[in-house]
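Peer 1: Same order as they appear, the protein sequences are chains P and S. Each residue of the first sequence is one higher than the one before, starting from 1 at the first, in my numbering. Each residue of the second sequence is one higher than the one before, starting from 1001 at the first, in my numbering.
Derived by calculation from the structure, the hints in this document are not laboratory data. From a predicted model like this one, the values you see are computed outputs, not experimental measurements. Wrong hints could be hidden among the right ones.
[Unchecked claim] With a straight-line Cα cutoff of 25 Å, these simulated PhoX-like cross-link-like pairs (lysine-lysine) come out:
(1) S/K1094 x S/K1069
(2) P/K62 x S/K1162
(3) P/K58 x S/K1094
(4) P/K62 x S/K1003
(5) S/K1078 x P/K58
(6) S/K1162 x S/K1011
(7) S/K1033 x S/K1003
(8) S/K1032 x S/K1078
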Amino acid sequence: MSLFRFLTQRPAAPVARERLQILLAHERVALGPRDLVTILRDELLATIARHIEIDPQKLSVKMERAGAYSTLEIDVEIPCDKVAGAPPSVTQAQASAA
Amino acid sequence: MSKVIVVTSGKGGVGKTTSTASIGAALAQSGKKVCVVDFDVGLRNLDLVLGAERRVVYDLINVAQGDAKLAQALIRDKRVDSLSLLAASQTRDKDALTYEGVERVIGELRNSFDWVICDSPAGIERGALLAMRFADQAIVVTNPEVSSVRDSDRIIGLLDSKTSRAENGERIDKQLLLTRFDSGRSARGEMLSIADVLDILSIPLLGVIPESEEVLRASNLGAPVTINGSAGPAGRAYREAARKLAGDTAPVAIPDQKKTFFNRLFGRRAA
């Protein structure tokens, strides 16, 4: 009997993987988004990296809440040799969104 | 430039302290100045794993509160000259640590060491948050086991929101250290695979430490596997993880699967 069960037993790892994927999908939503700012930073980094080579540490994303509106501040430092016709030292891009 | 690393996991018993000691010692053996800091107030163990339990006079809380100078509290390893330990307090209350005090100590450590490695307590309470607070980088220690993976996911969320880097809109690098891995059981579908864990947690891999007898032996002796000259797979894997942490870009070696008769028979089942 136990030999029979041994031969027909399903591997347990795929079950573990599936359970974790379902559980974590729920928990990530319940515990709030995996920090919106982090997600934005990662996606911005990926988008910029497709066009210009930048240092990941030189991209700063901040969100501030003040009363009725929030501001999103994105600060990217781009080495001047990476952009044709850029100002002498460093190119900075700043954006503000309501 | 000095780097501050937090070794964290959420779940207890997965190998944070062993990994802190082993990676710290390996980095120090490469000639870098390394300080390992125990943040587990009340349950300190890094001193024991490093064989320095009888040499602790002053601890992190004494320094953070200004009762002792950093130089008085640092314990220099007798085998690896460039390795120092800052122990946690065993008797004080964990609330004795403040963010300001810890920030000042970490700042001082940055001035004297190339690597500052903070051993986090388990859980997601204040102690764990303090350990990660001022880190530049994190090593997330995970076992291929559902509860450990779930807790690691939670810790990754905290690293992305509660650290000082995250709050300043900067990035905190997180790398996975998979410990107690058994390639045979994984190949047979009995244990989550490396790919499964990476896929679920989606952070890059720092290393895979195989389940190995030498790890228990090392803590029995108070000599991390990277110090006691062990040529076993865990020692090798920790040395490699340390090299990777220091910037080596070689791909992570996956521990060999033991070619036992049983593995050969069943190894393909879950491939």
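Peer 1: All the hints need checking, so say for each whether the structure fits it.
Peer 2: Structure-based check of each hint:
no.: 1; hint: S/K1094 x S/K1069; result: holds (20 Å)
no.: 2; hint: P/K62 x S/K1162; result: holds (14 Å)
no.: 3; hint: P/K58 x S/K1094; result: violated (36 Å)
no.: 4; hint: P/K62 x S/K1003; result: holds (23 Å)
no.: 5; hint: S/K1078 x P/K58; result: violated (40 Å)
no.: 6; hint: S/K1162 x S/K1011; result: holds (18 Å)
no.: 7; hint: S/K1033 x S/K1003; result: holds (11 Å)
no.: 8; hint: S/K1032 x S/K1078; result: holds (16 Å)
Violated hints, in rising order: 3, 5; the structure is consistent with all others.
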